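A.B. asks: Chains as they are written, first to last, in the working numbering: chain A, 33 to 151; chain B, 33 to 151; chain C, 16 to 113; chain D, 16 to 113; chain E, 148 to 268; chain F, 148 to 268.
Don't read these hints as lab results, they were simulated from the structure. Owing to the predicted nature of the structure, the values given are computational and were not obtained by experimental measurement. One thing to keep in mind: the hints can contain errors.
[As the list claims (entries may be wrong)] PhoX-like cross-link-like pairs, simulated, lysine-lysine; straight-line CA separation at most 25 Å: (1) A:Lys98 x F:Lys204; (2) B:Lys34 x B:Lys62; (3) E:Lys199 x A:Lys34; (4) D:Lys107 x E:Lys153; (5) C:Lys107 x F:Lys204.
[Stated by the list, open to error] Partial selection, computed: residues in chain B whose CB lies under 7 Å from chain A: (6) Gln45; (7) Trp67; (8) Asp74; (9) Leu82; (10) Pro85; (11) Leu115; (12) Arg116; (13) Gly118; (14) Lys120.
Using N, Cα and C, we set each Cβ at its ideal position, and we do this for glycine too.
Okay, here's what each chain looks like letter by letter:
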Amino acid sequence: MKYGIVVNEGPYQHQSSDSAYLFAKAAIEKGHEVWRVFFYHDGVNNATRLTEPPQDDRHIVNRWTKLAEEHKVDLVVCVAAALRRGIKEENLAQGFRISGLGQLVEAGIKCDRLVTFGD
Amino acid sequence: MKYGIVVNEGPYQHQSSDSAYLFAKAAIEKGHEVWRVFFYHDGVNNATRLTEPPQDDRHIVNRWTKLAEEHKVDLVVCVAAALRRGIKEENLAQGFRISGLGQLVEAGIKCDRLVTFGD
Amino acid sequence: MLHIINQSPLNSSTLDTCLNTAAGGDILFIEDAVYAVTKGNAAEAKLKAAMGKFKLHVLLPDLEARGLGDRLMDGVTGVDYGGFVDLTSNNKTCQSWL
Amino acid sequence: MLHIINQSPLNSSTLDTCLNTAAGGDILFIEDAVYAVTKGNAAEAKLKAAMGKFKLHVLLPDLEARGLGDRLMDGVTGVDYGGFVDLTSNNKTCQSWL
Amino acid sequence: MSDAKKFMFVNRKAPYGTIYALESLEVVLITAAFDQDVSLAFLDDGVYQLKKGQQTKGIETKNFSPAYRALEDYDIEKLYVEKEAMAARGLTEEDFLVPVTVLSRAEMGKLMDEQDVVLSF
Amino acid sequence: MSDAKKFMFVNRKAPYGTIYALESLEVVLITAAFDQDVSLAFLDDGVYQLKKGQQTKGIETKNFSPAYRALEDYDIEKLYVEKEAMAARGLTEEDFLVPVTVLSRAEMGKLMDEQDVVLSF
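Here chain A stands alone, though its shape is the one from the complex:
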């Protein structure tokens, strides 16, 4: 099946980004396609290339980047939400792209399933 995933909260503060990532990984392992992950609200903060978590903690941003590279997952950051929160091309991590809300609606239309993770 073709999956879309929505992430509404930033990394570390809430578990939603972790849950979304582990869900996406499991879906791929099951042979499904994760077509797009859309980052909305504070979820856009998952896309900053500047995070430096402690050595013994998971690196949430890099995990997303790696997933995108290995499985061609389209990581889309909402432009309006990103501008409000200070996410721009200059601090955008690899594997993410900034685009409009239409990309979320398109995921809802084209995907067989859309799963939302938030607070």
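Add chains B, C, D, E and F to chain A, keeping to what the hints say.
C.D. replies: Chains B, C, D, E and F in isolation, oriented as in the chain A frame:
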């Protein structure tokens, strides 16, 4: 009186940063000193210089910067929380400085009142 | 002590815990907690019962933002941000029930 | 439909609203919602009552993270992330009760 | 609209305390622009989003509630309010900015089951 | 310690669902390093922070619960758990990682009133 303020949530997503700012402004208008505002948890996201809210919306980051400049308010961002979330010198807004949690404890010790805003 | 509550009473257990635990003093309702002190809200009865133990205040700018400036229940004092500051200076300590 | 709940039952009204509103189907408890399906939690009785209408599932990695892997109440199925995926593919739609 | 999907937006959060209500509305408008079948459901504190008379000057924040009135211009007319949520908050239909359809919990649950995509923020 | 202030940390949130519990602990340790009088209060879902047997491998997140055991090394020994919160969650003192003092709600409220600084996250 000497006030310390703690902000635990990022701008726009929660009202806590707005409430903290309006409280700080009112305290200063009443003749109190706002000695320090400490940004913790997602509160560190108040310190990014990259936000661009819509024209008809308030600019939360710039408001803090202006308050710091006009009233010598010490805006401190927790370094550990900031590294986790991608706030560093390179994207730090004017008027903020990055330092350790000791600055929060010091505010608790030295201030007559410590008021926390969060979720 | 000043107790500051910022969560809606019908969405979160915060109000109940504060009322059941705190020894008394002032309570200030801000942000989404202002719904608690509006007429007809399901929290109304428990707040009336708490008025003997606590003095209740609400941040008017937050109440007005939510379109409920004319629904404040009796016995609750409305304050602006200046009044919020006064509540914190008149009490030795304050606690935000996050 | 698959209903996904992620809030603790004693801190938020989410579980109550889902149980009262949803027409039936599967419910999956994830994140802090896993506390709802642990023995001795105050939500236990209402979940037992809901078992006729809903099929209950819990995300085991979240339950184990919270040290409650051995407290799962009877009648609730434990799943891993793969099982979570299966629940979403076996239901035509899913709704996260945020 | 023959191959349109049924999108439902479930709103359970109050306005201003958090940004979800405002940013959710932005998705609603875009979804309508894609010619999908759009419904809005208001449950729990979400019913407060529709309250008349919001005056946000005192919190220095934009009053976005007029946007609910603009939904009609985008042909978004399916606004459903849960009856029990409204009652628990002392609100009546007179309190709302826009005309809504009031549903019982059971009716709301049934409507949710008929959707293709359910989004909540 | 004569001019130390009484700091109380009120913990009302469960671990892992959000980061508050973990980042709160970091403040607790620093406060002790400043030679202040530190108390920790666990109410509502906060009591879950102290649950034994946390195994976080499955969520790929660090298990920070051993840090509660380290509090003793910093001379932080005032850990108070609200009795009613514990009971509503089916927990007993045996379930906790560290020794705690169980207080009734009324006792907890009284203790809060005796503090100089109350922090909650």
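A.B. asks: Output the indices of the hints that this structure fails to meet, ascending.
C.D. replies: The structure breaks hints 3, 5, 7; every other hint is satisfied.
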